[in-house]
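K.L.:
Combine the two chains into a complex, taking the hints into account.
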Amino acid sequence: MKIAVCVKEVPDPTAEKRIDPDTKRLVRSGENTLNRYDRHAIEEAVRLREGAAPGAEIAVVLVAPASASRTVDKALAQGGDRSVHLADDGLSGSDIVATSRALAAVLARDSYDLIVFGQQGSDAECYVMASAVAERLARPCVTQVAALALDGSSLKVKRQVETGYETLEVSLPAVISVSDAINEPRYPSLPAIMGAKRKPHEVLSLADVGLAAGDVGVDGSRTHVSALSKPPTRGDSVKLEDDGTAAEKILAFLVERKVVA
Amino acid sequence: MGGILVFAELQAGTFTKGSLGLLEAARDAGASLGLTVDAAVCGAIDDGAAAGLGAHGAVTVHVSEGHAFDHAQPVVDAVADLQAREGYRYVLFGASIVGSDAAAGLAVRLDAGLVIDAVELHDEGGSLVTRRSGLGDSVLAHCAFTSAVGVVVVRSNTYAPAEDAAGSPAAVRRSTPALSAHALALRVTGHEAAEQGGVDIGEADVLVGGGRGLGKPEAFALCEALAGALGGAVAATRAVVDAGWYPYASQVGQTGKTVTPKLYIAVGISGAIQHKVGMQGSGTIVAINKDANAPIFDFADLGVVGDLHAIVPKLTELIRARG
Ligand SMILES: Cc1cc2nc3c(=O)[nH]c(=O)nc-3n(C[C@H](O)[C@H](O)[C@H](O)COP(=O)(O)OP(=O)(O)OC[C@H]3O[C@@H](n4cnc5c(N)ncnc54)[C@H](O)[C@@H]3O)c2cc1C
Ligand SMILES: Nc1ncnc2c1ncn2[C@@H]1O[C@H](COP(=O)(O)O)[C@@H](O)[C@H]1O
Numbered sequence: 000m001k002i003a004v005c006v007k008e009v010p011d012p013t014a015e016k017r018i019d020p021d022t023k024r025l026v027r028s029g030e031n032t033l034n035r036y037d038r039h040a041i042e043e044a045v046r047l048r049e050g051a052a053p054g055a056e057i058a059v060v061l062v063a064p065a066s067a068s069r070t071v072d073k074a075l076a077q078g079g080d081r082s083v084h085l086a087d088d089g090l091s092g093s094d095i096v097a098t099s100r101a102l103a104a105v106l107a108r109d110s111y112d113l114i115v116f117g118q119q120g121s122d123a124e125c126y127v128m129a130s131a132v133a134e135r136l137a138r139p140c141v142t143q144v145a146a147l148a149l150d151g152s153s154l155k156v157k158r159q160v161e162t163g164y165e166t167l168e169v170s171l172p173a174v175i176s177v178s179d180a181i182n183e184p185r186y187p188s189l190p191a192i193m194g195a196k197r198k199p200h201e202v203l204s205l206a207d208v209g210l211a212a213g214d215v216g217v218d219g220s221r222t223h224v225s226a227l228s229k230p231p232t233r234g235d236s237v238k239l240e241d242d243g244t245a246a247e248k249i250l251a252f253l254v255e256r257k258v259v260a
Numbered sequence: 000m001g002g003i004l005v006f007a008e009l010q011a012g013t014f015t016k017g018s019l020g021l022l023e024a025a026r027d028a029g030a031s032l033g034l035t036v037d038a039a040v041c042g043a044i045d046d047g048a049a050a051g052l053g054a055h056g057a058v059t060v061h062v063s064e065g066h067a068f069d070h071a072q073p074v075v076d077a078v079a080d081l082q083a084r085e086g087y088r089y090v091l092f093g094a095s096i097v098g099s100d101a102a103a104g105l106a107v108r109l110d111a112g113l114v115i116d117a118v119e120l121h122d123e124g125g126s127l128v129t130r131r132s133g134l135g136d137s138v139l140a141h142c143a144f145t146s147a148v149g150v151v152v153v154r155s156n157t158y159a160p161a162e163d164a165a166g167s168p169a170a171v172r173r174s175t176p177a178l179s180a181h182a183l184a185l186r187v188t189g190h191e192a193a194e195q196g197g198v199d200i201g202e203a204d205v206l207v208g209g210g211r212g213l214g215k216p217e218a219f220a221l222c223e224a225l226a227g228a229l230g231g232a233v234a235a236t237r238a239v240v241d242a243g244w245y246p247y248a249s250q251v252g253q254t255g256k257t258v259t260p261k262l263y264i265a266v267g268i269s270g271a272i273q274h275k276v277g278m279q280g281s282g283t284i285v286a287i288n289k290d291a292n293a294p295i296f297d298f299a300d301l302g303v304v305g306d307l308h309a310i311v312p313k314l315t316e317l318i319r320a321r322g
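Going line by line, the protein sequences match chains A and B.
Position 215 of the first sequence, counted from 1, bears residue number 214 in numbering that gives the first Met the number 0, the numbering being contiguous throughout.
Position 189 of the second sequence, counted from 1, bears residue number 188 in numbering that gives the first Met the number 0, the numbering being contiguous throughout.
Chain B on its own, in the form it takes in the complex (with noise of 0.2 Å):
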């Protein structure tokens, strides 16, 4: 009674990396707050699976079934049902479509405290106090919860599980939720799969992102000279793949990939923080922006306030002339 819960995210049928590796942070976080964590699943999955989370710091897994699932509003009828059997104290999420939206509309349900974007997880007098980042990274507020019960939202790659990740099974417990009549309303009527092939972000050396500062999408050009030059490929925001200016495959940030490559340049990208998730782990990081207040100046090792149709073929032709 009154422990942790943590949704445990399928996607694809698979856990997310990010919720394995939240389940051993709210582990490490209980075992300081003297209280055991449980992991929430919705959807199909076998015993044997949702028992595997129990490597992960899970001691029950409760298993909703009988719906979707594919979408936060059934998740928020699953997981209230849960707290109001289980009188947990703290729900924690990862900061996915999913479970950002559910975690909003679980705290409203239950009248709790939220914090969204929590970076750390601490044990101040045994309460859970989260540390959130703010202000454009700047600052990190100590966020503190005034409720019974406390949500939080985790910053994505925050957690990563561990490689030799070991335990006893969890047991598995298995329920059906009923729905509210708003989560019904709802339909996802298809799924369009991230095309795969082409260049594989994740392994260049070198990435040149590319941002709506671009202007129109044949201006992606530039982009692809540059990485061309350099040996590397590009990369884009989710603003010009939602515009449909270049593929998803590309996408860096909180809903697409995670990169790491020695050298990222960003083009005509503001730096908005679900951007920078997916690239602040990049060896150096250039940025081009005209706009000398814009967010990507305060995390770029060079930052150069300017017009990228300027400079970007410039510096292509500077490269490509060494040779």
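Same shape as in the complex, but just chain A (with noise of 0.2 Å):
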């Protein structure tokens, strides 16, 4: 069986996010790391391959700027077997639209049983990828997995919907996202972080993976953001860090706001 995680490289939560005013996009120079939400999506298809599907071989997929070394070393630690990583200049500026397009270009080079994704990427919270790329690819697709079942050439999943829970069955090859509460990912060993550097590295260009300049980037984007301007804001907050009196403090706030007698 053959597994393809995608995985995002996302801005380090700890540095702070600024959009350029000129391109008015995400500067994307500062830290850089393993988008969070991708780590449970390595982590099942890692459980997988231990359990329903045996010597499975996973596939970390990226669509990322050459410096993303550290993102894929991160998601190799965590299980992945090999990488492919499509990394172009051409790239820069891909809208949902186009970046579905050059992820879809990837995977379609390869004959994956299962396509995996995380539930959202931390920076842009957007979490449409998974359907997108599966209607390039024109595979089933189920989005926000909770819980999943590899039973011979089908996949049995339960997820989360507005009016319940249901429950899917989806046939092979088929495309997937993953819930955060799926699983609790495993912290890399000492060797699987030394070890990640010596798997196979793939590093593609757009020419390789049969697609144009035009055909991503701000040419094959779709929208295009005009002016940027300040949503209202909530008013007022306080923000404080516990000295040990944290208790009495929320308890005066609670008293003030009139919220508590």
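These aren't lab readings, by the way, just hints derived from the structure by calculation.
Because the structure is a prediction, the values reported are computed rather than measured.
Here a beta-carbon is modelled for each residue, glycine too, at the ideal position from N, C-alpha and C.
So, partial list: chain B residues that the calculated Cβ filter (under 8 Å) puts toward chain A:
(1) Ala-111
(2) Asp-136
(3) His-190
(4) Lys-261
(5) Phe-298
Dumping the calculated BS3-like pairs for lysine-lysine here, alpha-carbon to alpha-carbon at most 25 Å:
(6) Lys-256/B with Lys-157/A
(7) Lys-238/A with Lys-261/B
(8) Lys-256/B with Lys-16/B
(9) Lys-289/B with Lys-313/B
(10) Lys-261/B with Lys-16/B
(11) Lys-261/B with Lys-257/A
(12) Lys-157/A with Lys-215/B
(13) Lys-16/A with Lys-238/A
(14) Lys-289/B with Lys-248/A
(15) Lys-238/A with Lys-313/B
(16) Lys-215/B with Lys-289/B
(17) Lys-238/A with Lys-289/B
(18) Lys-289/B with Lys-16/A
(19) Lys-248/A with Lys-238/A
(20) Lys-313/B with Lys-248/A
(21) Lys-248/A with Lys-261/B
(22) Lys-313/B with Lys-257/A
P.N.:
Here is the structure:
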């Protein structure tokens, strides 16, 4: 069985996020890291390899700048067997539709039985990439999977919808995205961290995946950010560090706000 | 020709409030853009209920039937079919599980632009320009389409339908679209309805919301004790509901309930946007989280960086002591 896990590089959560007023894009030149939601996707693939799909091969697939090698290593330490990394200057400025085109082109080079996505990017909070890529590959797709079981050539899954939980059965090859509650990702062992660099790394250009510059980036995008503005804010807020008296301070605040008599 | 199509979503046989509100918002934007609004309904519905969407702004209601339409991909087939026939310029969806996924599939199918999480619809020079919220709602990006067709997903709870919506009934047209092979490779095999009963979190004046930061299901006792002392109820995030720590009926957020208590105390909750949309209307928001960078601090009135295990029991004691 061949599994692909799509992982995204995102700005480190501790770094201040900023939008460049000229390009109106998220500044990605700061510290970057592996999208935390994608650790659950890798973990789920590893559990399949350890369980119902012995010997499964797990490829970590990403579309990211060439500088993303730390992110690649993290994903491989987490359990991937090899990485496939599309890195090309022409990709910058890609919107959802353009990114899905790039990702689908990389995925189409191989015959994956299962393609796994994280529930969302922590930067964009957009959560629809799995559906977009599945449509390009003409594969069935279930998003936000909370539990799964492999049963021969089909996958039985459970996920939450607005009216409760539903169970679905999808035949492979398929695309899924997983909820961040599907598992508790393990911490990579020291040998896994050391070994990540020695795993096969494939770095591809747009030409390698059969795409032209106009297919992605700004030209391949179908949306354009014309301006930025400030949303209304909630008003004054107080943030404090607990020095042992936080409970007293919360109570005083609640009394002052008259929500506690 | 060339108008706006709104996906009017049926959940358990009735239209979601969000899609009725969205129809009305589309009607207003359409009036300015000079575009009429039609609705797309997928699944079994009688003529009367379909025509009733006229009150919310739909001129024609297209009902796609002949399939279950119980997941997103058949909806893509149905709506793509309508777009091809009627030449819609914009297709709008609410941010439900089916709505968001169908919007993404449709945008790819039509090579259309896609804006997710839109919070405003504007006419700018005769084109629809949406405002999308970003970076933890600290900035609004004005998103224009560079494609012939634009697809929009509107954030949950953005538009509520008018209570006294009135208007002439819409024309109803029915069709049976052909489904693509990949849409048929997936089957919904069962549905567990949300268990009702217990406390209705929608009615509580005070809610103590618990998240994964509690560490284990047993730690919800901390939230229950605090809620008890305040005369409130306990709410939860999807992460803990999906993990089976707390019942679905207590979930707040995009796929859960929308609540507006006087006080919401978020305990070990990161504050993801999908949780925020369900509780941002609360009167006062207090957050306790050990990570100073957690997004919840961006919209809490009082944010405390610290360990919930130290703070919550003490706060409960203090409140009890006031009697
Ligand atoms: C389509 C879609 C729909 C969704 N619908 C919903 C929805 O309806 N409702 C919803 O809630 N989510 C929803 N989500 C999920 C949402 O994106 C988040 O994954 C979820 O809200 C996270 O839950 P959490 O805050 O409990 O967990 P986490 O994000 O893991 O946060 C736990 C927090 O606890 C803190 N913490 C840990 N230990 C301690 C301690 N000892 N003391 C204090 N703090 C501590 C951590 O710093 C962290 O910030 C949806 C997602 C998608 C993609
Ligand atoms: N550039 C990318 N490369 C690889 N995977 C991605 C990329 N962008 C998004 N994804 C995947 O899509 C999921 C949702 O991301 P997003 O749509 O950005 O919220 C992530 O959890 C990843 O699995």
